[in-house]
Amino acid sequence: MSDGHHEELGFWRKYVFSTDHKVIGIQYSVTGLAFLFFGFCLMMLMRWQLAYPNQPIPLIGGLFGDARAPGGIMLPDFYNELGAMHGTIMVFLGVVPLAVGGFGNLILPLQIGAADMAFPKLNMLSYWSLFLGGVTMFGSFFLEGGAAQSGWTSYAPLSNIAPSGQTAWLIGMIFLITSSLLGSVNFIVTTIQLRAQGLSFFRLPFFCWAQFVTAFLLLLAFPPLEAAGVLQLMDRLADTSFFMPDGLVISGEALDISGGGSPLLWQHLFWFLAHPEVYVLILPAMGIVAEVIANNTRKPLWGYRAMVYSVIFLGFMSFIVWAHHMFITGMGTAMATFFQTTTMIISIPSVIILTALLLSLWGGSIRFNTPMLFALAFLPMFGIGGLTGLPLGLAAPDIALHDTYYVIGHFHYVVAPGTIFALFAGVYYWYPKATGRKMSETLGKLHFWPSLIFMNGIFFPMLIQGLNGVSRRLADGGATYDFAGAVGPLNRMQSWSAWGLALAQIPFIINFFMSLRAGEKVGDNPWDATTLEWAAPSPPPHGNFTTEPVVYRGPYEYSVPGAENDFTPQTQEG
Amino acid sequence: MRFGRNLFALATVSALLLSATAVAGTVTGTVKFEGNAPKLRPLKMDADPGCAKKHSTPQMPEVLALGDGNTMGNIFVYVKGVSGNFPAPSEAAVLDQKGCKYVPHVMGVMVGQTFKVLNSDGLLHNVHSLPKVNQSFNRAMPATVTEAEYTFDKEEFMFKIKCDVHPWMGAYVGVMTHPFFDVTGTDGKFEISGVPAGNYEIEAWHEKLGTKTSTVTVGDSDTQTVDFAMSVPKK
Amino acid sequence: MMDLFFPPGASAHAAGIDRMVDWVHVLMLILFIGWGAYFIYAVARFRQGKNPKANYKGAKGSASKYAEIGVAVAEVILLVGFSIPLWADRVDEFPAESDSVVVRVVAQQFAWNIWYPGADGVFGNADPSLVDEETNPIGLDRSDEAAKDDITTINQLHLPVDKPAIIHLTSKDVIHSFNLPNMRIKQDAVPGLSIPMWFVPTKTTAEMREELKSKPRYADTADEFVYEIACAQLCGNSHYSMRGFLTVHTPEEYQAWLDEEASYLGGGEEEDFWN
Amino acid sequence: MLIPHIVKPRPDTGLNNGKLGIWLFLASEVMLFGALFATYLMLRMGSNDWPLGTKYLDPMWAAINTIVLITSSVTMVMAWAMSAKRNFAKFRLFMLLTVGLGFVFMIIKYIEYSAKFDHHYYPSTHVFLAIYFTLTGLHGLHVLGGMVVNGYLALFGKKHYEQDPEWFTNRVEHSGLFWHFVDLVWIFLFPILYLL
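Protein chains in written order, with numbering that gives the first Met the number 0: chain G, 0 to 573; chain F, 0 to 234; chain W, 0 to 274; chain L, 0 to 195.
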């Protein structure tokens, strides 16, 4: 173990059960990327069924067995299974681990000039808890009756009477929630306690602020879902009736249960988490975009303070808008008025942040490298996502649009070309920090442009389908209904776009692995950036900084008049 | 282990021999309905235009299938308490979904026998079994899925199979350990052959009227007649 | 504007909702085009090749502040001027039951049971333990006098034109959502709750067929047009085909339909046993 | 040492890492139990046959348990004070007393649960019992968790205490904060389940 004066860790403790935030960050990132890819594959299967309902899946249709796809024809149960797991995996095992676990772990301690997270062992635990959750979710596909199939929202009582995959889903969720809770405590303590000397809160990079607020959302919003999960486990395993009212008749047989429960209780508990969860997905993305834009416009962020106040306000407000997901559950005027008003209020800080990012371009000297392309594309894409939230947040138009493809289009614009583009920007931007090498620009652009086109090819038609009233979660894409007939053919275009999007990821995958060995070697600060992570070596050693950093200025001192360079690092004196 | 398997094989062979040779009889008979034929309300096939299109006349519930002279169909008749091992036939028991009805409405299947569900309608059906003992299944069969196969591994007398898409569609299935059962047609007739000689109770079952039993002594290669009369239970 | 997209509206309040959706989209388009134009201009003008030296101060002026205030004002107008009153009209301003057709809808996996009170205008008792999927899917208690003339159908809702329809919605098993796209009506059916909703159909099915013949998008299929009821909440494997139908009649046709349905009702105890 | 403020508080925040961490953890626990209390309220308001707690439960046992837990909070504070005064023997005594009282609580809980099962009162019997078993069961798990940590500190803490008594005392304090929280939850549970 020890060779004299300094301790050398063995392989397992160095790379697998590591307590180093960078290794854990990479573990999170790789896990997140792998699950994003897996969730994407589930979606591509669904897109076959939507484009060519009840036709045998070509080539791979035989792999799924008679219980799921007899003769290669996807059964609706299988479609529902794919749908529920696509949502769950993308949100809880793809985006959150990558955005929060990956980038948060990798970058946050570096950006605040810390040697590590405040609780390194807890950090390791939270990764392995996520890992167990992932294994449980993945394993549930092999259970009798398949994985969960009641939507990622798992509305009771449908989820109460679903096959055993739902139990696995609940157990998996409890692991994931535990992981998030441990992680969020760690992030908050790290941010508050381990900031470098001179790094006051208003000198924190916006990314840190975004992660900080996100951690609070996770900390306070997840426990109610955990409670809901425990209650549903009780319903499923101990025959309680938390979500089951009196007088249920399932398939013609009256249920022998005590009753007295409330199906809407599940929705309240679920959305109390799941609305803040939306901001958990988007805030780190905004943080990444802010970093990349400041760096590549070579000028300070416009309205940094307003952005910080907005993100804090967003965090608070996100706890009191949840029931706008429930307008049509029989809500009275008073409650509907309250929730649509809070929803309109919460749109204002989002508008402020987006406006600030857009105005940050003004007067810049914009470099169009790959991270910047993704960050720039984020702006209009998130713009569409945010704007299409308006008619859904208002109760009256929601009558027509609720649970239609308009909703799917809306939130996918927020998280797919929105958040995921920002995450790609982050991968390209910080890859040199994590590995000491740059990713290829050519392959990066080959990744970006088709991705942008195909993303819109998938999601824009959804808005049109939604306006036509096509419901979501239809296993044949609406082919049963005449009123959906006019927009049915759009499904083919969307599906071809989805498969095109898959092809567009090939350059990324090649780039990601090839650059590990063949990428251009770079120094500590390849992007001429100002924030603290670039003051550490690339890749940073154990303990991160060779000398303890001291901060003298704000995060985005680019193109300071009279300065020698067009960037003035935070550590530069004077 | 090995001994047990041999014994099992021996038993199977002897059972086969027993039923193949003449040391067995036949039970036959007719089931009639006592009472006035009620006016039934037609099935609400207009719930699915695809179903309505398959019929030119109103379809009546199959709960009461009467022939001339009030003979009664859809009665499950079987021999009670037959012991011994009877191998399941190799051909499948078939339940078809045709014209948004189950054909047949009442049927028996043996433990281990293949139970095949067909979808001849070219419509979505959802075949959902509601057994208490056996493993239940619940399968949506879109238009293009025409076949599904199951087996039942435990004896279970009469459980329901229903279609969740067309609520009126119901079928009743008995999972038997022996082949001595039959279902009447609208002529009310049933015939159970190959019954090993002995004293038996014969039971007739109807989904709504319950059961009627009768005893019979079956001798070698003879035919016994047992008739049943079913009626609405008095309150 | 949204006529381009929405299924043709056929209820009294549909126009109000459509107008609201129109205005929201107008606001969205103005914002998106404004932002988009600025974005393209900024990216082009401030690219490194053209503007090698960035400006530390960046954008000046308060255009953004006015834009944000503008957005806020527009949202307040949409909220207070449109959405809240429209919603209140939907959930608070119910017409009197005596002037309306009152129907109960009991959703189940995967069908809509439509339940009319019959000639006496009173719904009979129902009991979950009496449910028989073939003959009595809502578990109507036949011994109850009020239940004797109750009419039930599966997936077939019939209503007279120009008369308010009040629908009490519930479910036997899981949550469904009763969606009539043409009527701009959508309401979850939650087991254990009975949730009322209302609308006034303004075009009979026949009138709608005529109207659609003049619209190129629908002309081919206008003759077979029916108002469809869709389930909008995932309710199990066959959710996607939980399709019902609404026929809007003239008052005379509606009465004739009711009479025909009533003619199937049995009378005696024996009939009750079998049906 | 790599990570600062593990023992000594950071001057501008006045907190050490562990203390901030435990407060944040307790905040999430408040949300967890808060959600369950909200569930209780929603079920109760939606119910037309909500029983008085006394229909199924015996407040006497719960009252004793309340006293047991409150006493254990006092011994917990004493344990921390003794550790702060650098008297490990007395610390150990009070800590073991705290764990012991936790044990008593669990035994009484066991007696209560068995009495319910003897009467065939299960979580599936009534939604009131469902929430009763869920809330007290989850609370019981928390008591158990606290006992494990406290027991560990009492029995295996000596080495750490000798190396760094200040750090050790911090740990006792953090464990104590958790223990008081668990105690506080019970103070809410007792009236809403047994009395109201």
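Take the hints with a grain of salt, since some may be wrong.
Once the Cα atoms are required to be at most 27 Å apart in a straight line, the calculated DSS-like pairs of lysine-lysine come out as [claimed, not checked]: (1) W/Lys147 - F/Lys38; (2) F/Lys233 - W/Lys147; (3) G/Lys120 - L/Lys108; (4) W/Lys52 - G/Lys444; (5) G/Lys444 - W/Lys49; (6) W/Lys212 - G/Lys437; (7) G/Lys120 - L/Lys157; (8) W/Lys162 - G/Lys437; (9) L/Lys18 - L/Lys115; (10) L/Lys18 - G/Lys120; (11) W/Lys147 - F/Lys52.
No wet-lab data here; the hints were simulated from the structure.
Each hint tested on the structure:
no.: 1; hint: W/Lys147 - F/Lys38; in the structure: holds (15 Å)
no.: 2; hint: F/Lys233 - W/Lys147; in the structure: holds (21 Å)
no.: 3; hint: G/Lys120 - L/Lys108; in the structure: violated (34 Å)
no.: 4; hint: W/Lys52 - G/Lys444; in the structure: holds (25 Å)
no.: 5; hint: G/Lys444 - W/Lys49; in the structure: holds (21 Å)
no.: 6; hint: W/Lys212 - G/Lys437; in the structure: violated (62 Å)
no.: 7; hint: G/Lys120 - L/Lys157; in the structure: holds (22 Å)
no.: 8; hint: W/Lys162 - G/Lys437; in the structure: violated (70 Å)
no.: 9; hint: L/Lys18 - L/Lys115; in the structure: violated (39 Å)
no.: 10; hint: L/Lys18 - G/Lys120; in the structure: holds (16 Å)
no.: 11; hint: W/Lys147 - F/Lys52; in the structure: violated (30 Å)
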